[in-house]
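Student: Keeping their order, the protein sequence lines are chains P and U. So that you can map any letter, position 289 of the first sequence is 289 in the numbering used here, and since no number is skipped, the others follow by simple counting. So that you can map any letter, position 71 of the second sequence is 71 in the numbering used here, and since no number is skipped, the others follow by simple counting.
It does not matter which identical chain is used: a pair holds within one copy or between any two.
Derived lysine-lysine pairs resembling DSSO-like cross-links, with alpha carbons at most 30 Å apart:
| hint | residue 1 | residue 2 |
| --- | --- | --- |
| 1 | K165 | K234 |
| 2 | K71 | K94 |
| 3 | K230 | K165 |
| 4 | K188 | K71 |
| 5 | K71 | K98 |
| 6 | K304 | K75 |
| 7 | K234 | K304 |
| 8 | K294 | K234 |
Please keep in mind that the hints were generated in silico from the structure rather than gathered at the bench.
Number of protein chains: 2
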Amino acid sequence: TATAGDGEARLEVNMGKSIYMVSDGTGWTVEHSVNAALGQFEHCLVDRGCPVNTHLFSGIEDVEPLMEIVKQAAKEGAIVVYTLADPSMAESAKQACKLWGIPSTDILGPITEAVASHLGVSPSGLPRGAPGRNFPLSEDYFRRIEAIEFTIKQDDGALPHNLTKADIVLAGVSRTGKTPLSIYLAQKGYKVANVPIVKGIELPKTLFRIDPEKVFGLTISPVVLQAIRKARAKTLGFSEQARSNYSEMDYVREELESARRVFAQNPVWPVIEVTGKAIEETASVILRLYHDRKHRCSMPRISKLY
Amino acid sequence: TATAGDGEARLEVNMGKSIYMVSDGTGWTVEHSVNAALGQFEHCLVDRGCPVNTHLFSGIEDVEPLMEIVKQAAKEGAIVVYTLADPSMAESAKQACKLWGIPSTDILGPITEAVASHLGVSPSGLPRGAPGRNFPLSEDYFRRIEAIEFTIKQDDGALPHNLTKADIVLAGVSRTGKTPLSIYLAQKGYKVANVPIVKGIELPKTLFRIDPEKVFGLTISPVVLQAIRKARAKTLGFSEQARSNYSEMDYVREELESARRVFAQNPVWPVIEVTGKAIEETASVILRLYHDRKHRCSMPRISKLY
Ligand SMILES: Nc1ncnc2c1ncn2[C@@H]1O[C@H](COP(=O)(O)O)[C@@H](O)[C@H]1O
Ligand SMILES: Nc1ncnc2c1ncn2[C@@H]1O[C@H](COP(=O)(O)O)[C@@H](O)[C@H]1O
Ligand SMILES: [Mg+2]
Ligand SMILES: [Mg+2]
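Chain P on its own, in the form it takes in the complex (with noise of 0.2 Å):
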């Protein structure tokens, strides 16, 4: 209702700027856009200069619901930013922005446009929910569900006999990001597996058996290490005693130190400093360089057949 609306509209206002993102699918497109372009902003967003809501609509594949979700973003004073397969929804979102006064972006429509011209076909205008439209269970949808699979058994030096069956091995020390990265990877259809190195603790035979191209090591400054492992072990209730032991500064250095020997044992394998990266900056790191290495091409890149 109309109340119900000025009421949320001024709480958000007092909240931050609002950006309404829209799809008529799941809506991570959009996200993903906003998201980057956010990134853009960090250095008012931190500080909470300028707070910002987003809010994602997904699923919209009607009319009506996206002239209501356009009418609550200007009562809200929000700008649009949407995905729309169906160019006849597409232009009404930028028509009813236009009428209502508030700024509008499609991320879907310029690529989709440039992508049709280059291929010299007309886009379907299909959003991916459409009836009569089915996901496809191809080679690639299970391969992907297998990747997830393996690297989960395989998570935290388990199984290490299998290490042969990973596309990717990662080595590091414990809160180098190997699990949450290992999952990254195994969305994107790759097996992997990961060999924790602890001080004192022997190294699975099978590491130094396989093919060395496929493992990577992780490392990451001591300081960040240590504050990594504090929260950890607050999380985890770890004792005084045995937390002090493994976020120790001398500790911490320590294992550092015998990861920094083992890679210097195996030359071949690339060592990717993961301090003040994201996940999914690593993540990139290790496919350029395991893409590259595969393909051996001029220019180092990541290539797909659609």
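Starting from the known structure of chain P, arrange chain U with the ligands on it as the hints suggest.
Tutor: Using the frame of chain P, we list chain U with the ligands on its own:
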């Protein structure tokens, strides 16, 4: 070199039209956008009527490699799609493509400009990997990692006493995609537990004691489930005997029927149809319901504060 380049070029042209994707960061944003756009051409991608090659160039922070890539794109008759935070890099990409006579699309620029005028703040123009910038070890970062680690441990009905700690609990028969779905949601920061429904095996009691608003049932068409199970049984190398039981139509139907009964006895649980849906589509449906139940908003949405 020019010769190698030419060789590559001829090869590529034969294999389909090329799309060059360039980012100063990971490239995942431009890849995501191009993927969404390619969804609009599935009608001709599937039957190979218009094969497409994508090539991802990540971490391009300097103008020299950028110019090399554009030159190579021109040789291959590719289009260039880019996300470049530094406005002078973006301008260089645009001008070079113009000069070489190839189409180009800027993914980051338009949305960044829209956000800039909305916030009344200038974008930093710094790529995410720029010196001095550092990925913050924020609460959100730790929360995500915790969610991933929780979800892995909880997979496939493990540790049922921990169901209370999950944000989301998925219940469904084998091969409804519980594991990849759990992992997808975990990456978004939700702690997920999944409980397999197996004919003749009692469900853990905790499942019926926890807040029913966080439980989601998954269902699927028997025909599609059988197809998935057959593929699965092959991969796992099940014996003929075990295989036929697991993927036999009568058995599949009975198991789905037993799941249906469980769902009927727990009418608060939404039942999500996964047939023909990609993992990220099911995830989107679940999160929309999840947030709607939590916030009881007039319009279902997922809101975030930056
Ligand atoms: N496989 C696909 N087929 C058709 N359209 C798609 C496909 N994937 C994504 N899209 C469209 O691309 C836009 C972004 O998708 P989403 O990320 O799900 O919001 C939406 O307009 C979708 O309808
Ligand atoms: N946290 C961030 N800070 C600054 N720029 C970012 C951030 N995240 C993404 N970007 C920029 O957004 C674009 C897409 O990023 P990516 O998905 O990593 O290719 C690139 O131009 C990045 O430099
Ligand atoms: Mg979208
Ligand atoms: Mg990108």
